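Engineer: Listed below, chain by chain, are the residues.
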Amino acid sequence: MSAGQPLLEVSGLSKSFGGVKAVDGIDFTLAAGELLALIGPNGAGKSTTFNMVNGQLAADTGSIRLGGEEMTGRKPREIWRMGVGRTFQIAATFSSLTVVENVQMALVSADGKLYSMWRRAADYRRSDALDLLDLVGMAGQADRPCSVLAYGDVKRVELAIAMANRPKLLLMDEPTAGMAPRERNELMALTKSLVVERGIAVLFTEHSMDVVFAHADRIIVLARGRLIAEGGPAAIRDHPDVQQVYFGSGKTFEKSAAEKGPS
Amino acid sequence: MDALASFVAQLLNGLAGASSLFLVAAGLSLIFGVTRIVNFAHGSFYMVGIYVAYSAVAWIGEGPGYWPALLVAAVAVGIVGALVEILLLRRIYHAPELFQLLATFALVLVIKDAALWLWGPEELLGPRAPGLRGSVAILGRQFPAYDLFLIVVGPLVLGLLWLLLTRTRFGTLVRAATQDREMVGALGVNQAWLFTAVFALGAMLAGLGGALQLPREPATLELDLHTIGAAFVVVVVGGMGSIPGAYVAALLIAELKAICIWLGVVEIAGVAISFSKLTLVVEFVVMAVVLVVRPWGLLGRPQAAPRQGGAIEAPLRAPDSLAKAATAALVLALVALPAISSQSPYVVVLAVDILIAVLFATSLHFIMGPAGMHSFGHAAYFGLGAYGAAILLKATGAPMLAVLAAAPLVAAAGAVVVGWFSVRLSGVYLAMLTLAFAQIAWAIVYQWDAFTGGSNGLTGVWPPEWLADKRAYYALTLALVLAGVFVLRRILHAPFGYAMRAARDSVLRADAIGIDVKRVQWVAFVIAGLFAGLAGALFAFSKGSISPESLHVGKSVDGLVMVLLGGIQTLAGPVVGAALFTWLHDTVARSTEYWRAMLGGIILILVLLFPQGVAGFARQVVYGRRDARSER
Chain A
900 MSAGQPLLEV SGLSKSFGGV KAVDGIDFTL AAGELLALIG PNGAGKSTTF NMVNGQLAAD
960 TGSIRLGGEE MTGRKPREIW RMGVGRTFQI AATFSSLTVV ENVQMALVSA DGKLYSMWRR
1020 AADYRRSDAL DLLDLVGMAG QADRPCSVLA YGDVKRVELA IAMANRPKLL LMDEPTAGMA
1080 PRERNELMAL TKSLVVERGI AVLFTEHSMD VVFAHADRII VLARGRLIAE GGPAAIRDHP
1140 DVQQVYFGSG KTFEKSAAEK GPS
Chain C
29 MDALASFVAQ LLNGLAGASS LFLVAAGLSL IFGVTRIVNF AHGSFYMVGI YVAYSAVAWI
89 GEGPGYWPAL LVAAVAVGIV GALVEILLLR RIYHAPELFQ LLATFALVLV IKDAALWLWG
149 PEELLGPRAP GLRGSVAILG RQFPAYDLFL IVVGPLVLGL LWLLLTRTRF GTLVRAATQD
209 REMVGALGVN QAWLFTAVFA LGAMLAGLGG ALQLPREPAT LELDLHTIGA AFVVVVVGGM
269 GSIPGAYVAA LLIAELKAIC IWLGVVEIAG VAISFSKLTL VVEFVVMAVV LVVRPWGLLG
329 RPQAAPRQGG AIEAPLRAPD SLAKAATAAL VLALVALPAI SSQSPYVVVL AVDILIAVLF
389 ATSLHFIMGP AGMHSFGHAA YFGLGAYGAA ILLKATGAPM LAVLAAAPLV AAAGAVVVGW
449 FSVRLSGVYL AMLTLAFAQI AWAIVYQWDA FTGGSNGLTG VWPPEWLADK RAYYALTLAL
509 VLAGVFVLRR ILHAPFGYAM RAARDSVLRA DAIGIDVKRV QWVAFVIAGL FAGLAGALFA
569 FSKGSISPES LHVGKSVDGL VMVLLGGIQT LAGPVVGAAL FTWLHDTVAR STEYWRAMLG
629 GIILILVLLF PQGVAGFARQ VVYGRRDARS ER
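Residue numbers (the numbering used here), protein chains in the order written: chain A, 900 to 1162; chain C, 29 to 660.
The reader is advised that the hints may include incorrect statements.
Said to hold, decoys possible - Calculated pairs, DSSO-like style, for lysine-lysine (alpha carbon to alpha carbon, straight line, at most 27 Å): (1) C:Lys422 to C:Lys546; (2) C:Lys546 to A:Lys1012; (3) C:Lys546 to A:Lys974; (4) A:Lys1067 to A:Lys920; (5) C:Lys422 to C:Lys352; (6) C:Lys305 to C:Lys422.
The set of hints was computed from the structure by calculation and includes no laboratory data. Being a predicted model, the structure only gives us computed values, none of them experimental.
Bound conformation, chain A alone (with noise of 0.2 Å):
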């Protein structure tokens, strides 16, 4: 892929539920070595355009490119070898297998080993799986069981198996959903060095505006299904369009909600 040319390029993209347009012919696209936010408030089509993006939802027009190639129709394991990894809201990991193998299973999956019956699959390149883990802090609870991890760990095992076959781009839905202020930056840090060091492009969403402040490379805003406004993160704060379908009347986020009261 040439210099400049975008990694992943969006066009037209649609989704209709019942006559309810939830995402209407959207554009945009993204760079190796960029973190894009994605961002809106509820109900603005960020989940429905996320999930067109990873294969769990069929667009009804318009084309996802990764790197010149179709990626519209496609299901979401045949998406994954095309080099696109993915950490979910509610963090999903195999929570009956070690944090190691976890990581083990994706490289088992890229390299086509998934129907191997009879070596041990404990020992299949445990050292590149504790590399990764290394990556993102985790190798020394490599033994434990997924399930006694705390969430924030569990997040980062998550980035660790999502990075197991050297993906070329990463949508994180909600990364830091769950997770305490730290803990927050400190994943998303770590998640920028992976993006520099690796040219990895990533699309996030992201309900927390601080993270999206501080670690998104540009974003993207929609609501009510379209896009609106698109730049760094000083011009999407001061654009106009943005504070009057966030904030309404300009006013503070805390105070708006205050004033409303509880619904």
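Once you have looked at the hints, place chain C on chain A.
Structural biologist: Structure of chain C alone, referenced to chain A:
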């Protein structure tokens, strides 16, 4: 005109049969909807309903006593249901659903023997209903008046239930709990009494359904499993938790059966097809079709995933020196067994049975535990292996070892077909679909006299001369079973076994790292079928004969009991469970007439004391402290 008359008569007959079926199924559906317990003992409630009604009529006095007797039966069964809920089920609501199933299955055994003790083994036919003894002429045919009454009862009860569920506070709670049980609990509803009331109501409906059949069919001890099979089908076809669905499904199935009987033998393109023989399978065919097309049933809704999953399984570990030493000691003991027990030749015969059960249970555990697919029809592959061996031997005269190698492939071929459908479903629906296919296989074997020997089965399936000695056959069985268990275990420790567990733990994550979950499950299903087939083939040669019993639902349930008894979360579980179950079965059956009740009692005690199974419990005792230490 006569054809039309007989057709109408059959349709009415079907309607009459649908009423009782609906009553049982409605109770089962209510109970499942609220408590999420699949009550295997529901057919037993039906059976007890008939028996109690019989005795009550005799006690109150024939004639005027008939109608009060029906009420007495319904109330009595309702009380039994309430007691069962309070004394047993309350203790296991938080156990994995399979354990609840095991407990209710134990109840089936206990209730059956209680009925045997109270009423004896003979069939009891009740008196006819006073005032409805005669018949009514419909299109020139005599139709029993009582059947017309039954036809009215079904919609009547449906209406009453509908009023209860939509017009009362109790009904609101029931409907709320059916939709979201945890939320009802969180809102401060006393769940304990709600559950008891629902269970009692469900049992009462079953009891009434049974009592109403008093003049139509004799009370027998086989009614329990027969009824529960039919009721399960109705509930699944109608949609779990949907009462109108249960009525529609009961009607559909009863009418299809009636039509099959009416059609009789029909020649289609020169081939005579006996539709009346289809009555044994028609409900299961309907269920299979519905599950494939509309997995949550005709009027049901997709179930919300339960919030509390079962206990999380511990990661696999390589066997340590203790486990290796124990295994080596066990294998040595098994090898030496014929020599040690030369005084009592029966020991070797029993040991062959145990070994075959071990392979069967291990193959079932392979998909139930690590792959999370709860097959209720695993006996189908055991039976396919057994029949495959018998038929291959008789048809080709091939040497036994060749037959023994080919028979498991027959079972695997069956598993390829069933697995393709089954992996599209999960949970209770998968269980029911596998059960449906197994019942279809059973019905085919049971009725295809020319090919499978029908209900008599096939005889003369003996091994060659050099294996005629029981000890020689034991050696062969031991070698093959050890090899089978070893291979299955090895696969579980291999990448494929990990992929199975990964697919069970999180479909979402598995899909996101490129695992084709359905394909993995399908392959696992076929592997399990292959080894169950091997167990079946070994079984056929060990007995010298084979009967439809070998793929009956009872056999599938035996497998489930073995796996759960031993513990589903340990690899040693199925081995321990199969050995214990087979030995218990054998010992208890020889020592008392009431062996079922004892077996059921033992299962209940085990369920209440060792919710992780026997092997799971042993593992906790041996390793629990070490795990706790390493976690610190």
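Engineer: Would you pick out the hints that fail for this structure and give their numbers low to high?
Structural biologist: Hints 1, 4, 5 are the ones this structure does not satisfy, whereas the remaining hints hold.
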